[in-house]
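*Asks:* Here the protein sequences line up with chains A and B, keeping their order.
For the first sequence, full-length UniProt numbering assigns the number 1 to the initial residue and increments by one for each residue that follows.
For the second sequence, full-length UniProt numbering assigns the number 1 to the initial residue and increments by one for each residue that follows.
Warning: the hint list may mix true and false statements.
[Stated by the list, open to error] Taking lysine-lysine and the DSS-like style, the derived pairs with C-alpha atoms no more than 30 Å apart in a straight line are:
hint	chain 1	residue 1	chain 2	residue 2
1	B	K206	B	K221
2	B	K53	B	K314
3	B	K211	B	K314
4	A	K160	B	K273
5	A	K253	B	K53
6	B	K221	B	K60
7	B	K60	B	K92
8	A	K169	B	K314
9	B	K273	B	K102
Treat the hints as calculated values from the structure; they're not laboratory data.
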Amino acid sequence: MSAHVHAAPAPVGGRLLNAVSFVCAVLILSAFAILALRFWGGLGAVTNLNDGYPWGIWVVGDVVIGSAFACGGFSVAMLVYIFNKGEYHPLVRPALLASLFGYSLAGAGVIFDLGRYWNFWHILWPGYASPNSVMFEVAACISLYILVMWLEFSPTFFEKFGWTNAQRKVGRAMFFLIGLGTVLPMMHQSSLGSMLIVFGTQLHPLWQTMALPAIYLISAITLGYAVVLFESCVAAAGYRRSIEMHLLTPLSKVMLGMLGVYLALRFGDLIVRGAIATAFEPTLQAFMFWLESIAFVLPLRILGSPAKRANPANLFTGGAVLMIAGILLRVNSYLVGYQTGDGWSYFPSIPEMMVTFGMFAIEVLAYIVITRRFPVLPREDHAPAGQAA
Amino acid sequence: MSSRRDFLRCALAGGAAVAGAAASPAVQARGNAEISPDAVGLLFDATLCIGCKACVAACKTANNLPVDINTTPDSPWDVPLDTTARTFNVIKVYKDGKATLKDTEQGGYAFMKSSCLHCVDPSCVSACPVSAMLKDPVTGIVSYDKDACIGCRYCVAACPFGIPKYDYDSPTGAIGKCQLCRHRMKDGHYAACAEVCPTGATLYGKVSDLKVEAQRRLALKPGETTVYPRGNLTTGDQPSWEGAVPAYVQHVYGEKEVGGTQMMKLAAVPFDKLGHKPLPERSFSSRSETLQHTLYGGLALPVVALGVMTFLAKRNMPKDDDSTGQHSDKREGGQ
Numbered sequence: 001m002s003a004h005v006h007a008a009p010a011p012v013g014g015r016l017l018n019a020v021s022f023v024c025a026v027l028i029l030s031a032f033a034i035l036a037l038r039f040w041g042g043l044g045a046v047t048n049l050n051d052g053y054p055w056g057i058w059v060v061g062d063v064v065i066g067s068a069f070a071c072g073g074f075s076v077a078m079l080v081y082i083f084n085k086g087e088y089h090p091l092v093r094p095a096l097l098a099s100l101f102g103y104s105l106a107g108a109g110v111i112f113d114l115g116r117y118w119n120f121w122h123i124l125w126p127g128y129a130s131p132n133s134v135m136f137e138v139a140a141c142i143s144l145y146i147l148v149m150w151l152e153f154s155p156t157f158f159e160k161f162g163w164t165n166a167q168r169k170v171g172r173a174m175f176f177l178i179g180l181g182t183v184l185p186m187m188h189q190s191s192l193g194s195m196l197i198v199f200g201t202q203l204h205p206l207w208q209t210m211a212l213p214a215i216y217l218i219s220a221i222t223l224g225y226a227v228v229l230f231e232s233c234v235a236a237a238g239y240r241r242s243i244e245m246h247l248l249t250p251l252s253k254v255m256l257g258m259l260g261v262y263l264a265l266r267f268g269d270l271i272v273r274g275a276i277a278t279a280f281e282p283t284l285q286a287f288m289f290w291l292e293s294i295a296f297v298l299p300l301r302i303l304g305s306p307a308k309r310a311n312p313a314n315l316f317t318g319g320a321v322l323m324i325a326g327i328l329l330r331v332n333s334y335l336v337g338y339q340t341g342d343g344w345s346y347f348p349s350i351p352e353m354m355v356t357f358g359m360f361a362i363e364v365l366a367y368i369v370i371t372r373r374f375p376v377l378p379r380e381d382h383a384p385a386g387q388a389a
Numbered sequence: 001m002s003s004r005r006d007f008l009r010c011a012l013a014g015g016a017a018v019a020g021a022a023a024s025p026a027v028q029a030r031g032n033a034e035i036s037p038d039a040v041g042l043l044f045d046a047t048l049c050i051g052c053k054a055c056v057a058a059c060k061t062a063n064n065l066p067v068d069i070n071t072t073p074d075s076p077w078d079v080p081l082d083t084t085a086r087t088f089n090v091i092k093v094y095k096d097g098k099a100t101l102k103d104t105e106q107g108g109y110a111f112m113k114s115s116c117l118h119c120v121d122p123s124c125v126s127a128c129p130v131s132a133m134l135k136d137p138v139t140g141i142v143s144y145d146k147d148a149c150i151g152c153r154y155c156v157a158a159c160p161f162g163i164p165k166y167d168y169d170s171p172t173g174a175i176g177k178c179q180l181c182r183h184r185m186k187d188g189h190y191a192a193c194a195e196v197c198p199t200g201a202t203l204y205g206k207v208s209d210l211k212v213e214a215q216r217r218l219a220l221k222p223g224e225t226t227v228y229p230r231g232n233l234t235t236g237d238q239p240s241w242e243g244a245v246p247a248y249v250q251h252v253y254g255e256k257e258v259g260g261t262q263m264m265k266l267a268a269v270p271f272d273k274l275g276h277k278p279l280p281e282r283s284f285s286s287r288s289e290t291l292q293h294t295l296y297g298g299l300a301l302p303v304v305a306l307g308v309m310t311f312l313a314k315r316n317m318p319k320d321d322d323s324t325g326q327h328s329d330k331r332e333g334g335q
């Protein structure tokens with residue numbers, strides 16, 4: 001029926017209790033203990049946040065970086081359904097699963113960071129909501145996108161439980177969900193960059209630009225592919241499955257194409273604005289800018305030739321380096337390049353980091369449980385296509 | 001091969017469209033917000049300030065604020081070094097060398113008031129997602145509503161003057177900032193800091209009057225004698241006094257900065273020495289809102305994008321995808 005015949009998704013199976021899930025559980029429990037302290041004693045009890053740096057890694061790490069990493073689902077879905085590259089179809093479900101948890105946790109994680117969290121619904125409530133605020137746009141799109149993603153992913157659950165009726169209904173609306181599932185992340189990923197515009201001269205010229213929405217959006221799409229490369233390699237290693245080289249090699253080329261667009265935009269903007277000169281001043285910001293830029297350029301070297309792209313180790317490294325580049329862009333623009341005046345400094349506290357690790361552990365654990373029990377990854381033994389579990 | 005090239009071309013076009021949309025706002029920019037003719041504010045003349053901190057104490061009383069010991073951990077004094085969520089107004093000192101002469105840049109010292117400047121086009125109001133920061137359309141006072149606030153601290157991050165502050169020590173922390181004593185206005189009072197100031201260094205009034213007064217002072221010759229009003233400039237409720245004119249820096253800080261503020265400042269020491277960095281005349285909120293409105297005005301761009309994406313998804317979706325294959329076989333009739 002389909003233009004491309006792929007192995008149908010199937011549960012990986014195997015034990016849920018193992019060393020990895022145990023470590024995850026310990027990290028998750030520690031994070032919850034720290035959060036109890038945070039809700040008892042205020043943000044100051046566990047974080048190093050201050051009025052010079054009111055946003056720390058819970059915002060920059062869990063939301064800004066976390067949601068960019070969760071762009072795999074959107075990037076691959078766009079490739080498959082919008083640009084009609086059906087051959088990448090087996091990557092959709094696993095990528096969507098990771099995105100689902102990345103976003104859902106980013107959404108939940110915001111609550112820990114909100115000082116007056118019981119009012120959080122105000123952001124979407126007429127009378128309170130302020131459409132001029134970039135954060136309103138981010139919150140509205142992310143909330144809606146989380147809902148859309150759960151619906152996009154729901155056939156996996158319906159398939160498992162044999163709810164064919166529900167599955168058929170969602171299937172009929174799927175084209176619209178996919179449309180929404182590409183537009184919503186494009187909107188809020190660009191807005192995560194736009195959020196910085198109002199910071200004005202508090203943000204170093206290497207990052208403060210009206211091109212921020214485009215820089216954030218294109219880097220997020222690129223990161224989406226990098227995360228898929230990384231994740232597929234890790235999942236293959238973890239589950240001792242064969243690496244889907246026939247998909248990942250061409251995908252890495254798509255990623256490099258996007259990376260080229262990104263670099264042209266990023267450096268073109270710096271040169272046009274004349275901000276590039278500040279990159280040669282002896283400052284921490286200039287140093288971090290070059291570190292960021294090297295991390296963005298390096299994947300072009302690692303995956304530059306067809307021979308290099310055929311090597312799984314290179315795909316893994318290229319993906320990982322680009323993820324680091326994405327982290328650096330976001331950390332630099334939200335923290336390193338953000339200068340609020342003398343006397344303020346911020347570095348995350350250990351408990352603050354533990355909460356972020358705990359959030360990450362929830363994602364890993366959920367990925368393990370769902371891929372082992374639900375049809376997400378393509379069946380390994382080449383069972384006849386279309387045979388759902 | 002060609003299809004991959006197609007993809008890259010699409011991606012490039014998409015990127016260029018976004019970049020174009022992002023770059024175009026300069027053309028159709030929303031300008032800085034206009035000041036209300038009835039706007040009220042403060043004029044702080046650093047040369048008149050004697051550092052008595054009566055305004056700091058009055059602010060605490062008027063706003064019912066708790067002690068805020070942040071000098072040293074074991075200090076017994078409520079002498080905050082900076083504004084906090086519990087201290088809306090402080091007097092800071094600039095000093096150089098032996099700090100012997102007042103209002104002198106080299107070897108001297110000068111006082112500076114730190115509190116909300118009540119921007120004409122405030123970043124905090126533009127940033128706030130829940131309308132907890134509001135600008136009064138008549139008085140122009142930038143107010144804060146604790147009951148609306150979600151505690152996201154975007155206002156803290158956005159303010160170029162570092163004014164809204166958050167209470168990190170409270171499990172129900174709120175933002176604290178000067179609201180120009182708007183709660184005292186129904187009783188005929190005005191900003192406590194100006195009411196209590198013995199020298200008129202902090203002067204309250206209509207912004208239009210304060211501007212005229214500021215320009216008058218800058219036009220005077222250093223050394224000559226002039227009259228300094230106190231309290232409320234517009235109503236003249238307190239007796240004025242006569243004093244010598246200092247050598248002012250020829251700049252009314254707050255008149256143009258980020259689109260103007262309703263608190264303006266005069267000084268005899270350059271403002272960057274007094275903790276006031278130079279700021280552009282275009283407000284940051286106008287840049288941010290112009291960008292947002294260009295991308296999302298009337299939701300036109302997102303709706304078009306959604307239409308295109310949905311159409312492509314519908315066309316490209318395999319008929320059996322993510323459903324049980326009982327899909328009706330009808331094709332899109334659009335073409």
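*Asks:* Each hint needs a verdict: does it hold in this structure or not?
*Replies:* Hint by hint, here is what the structure shows:
1. K206(B) x K221(B): Between K206(B) and K221(B) the Cα gap is close to 25 Å, so the pair holds against 30 Å.
2. K53(B) x K314(B): 69 Å, violated
3. K211(B) x K314(B): Since the Cα atoms of K211(B) and K314(B) sit roughly 62 Å apart, the hinted pair is violated (cutoff 30 Å).
4. K160(A) x K273(B): 68 Å, violated
5. K253(A) x K53(B): It is violated: about 65 Å lies between the C-alpha atoms, which goes past 30 Å.
6. K221(B) x K60(B): 37 Å, violated
7. K60(B) x K92(B): 16 Å, holds
8. K169(A) x K314(B): 15 Å, holds
9. K273(B) x K102(B): OK: K273(B) and K102(B) at ~14 Å, within 30 Å.
Taken one by one, the earlier hints fail for this structure at numbers 2, 3, 4, 5 and 6, listed in ascending order.
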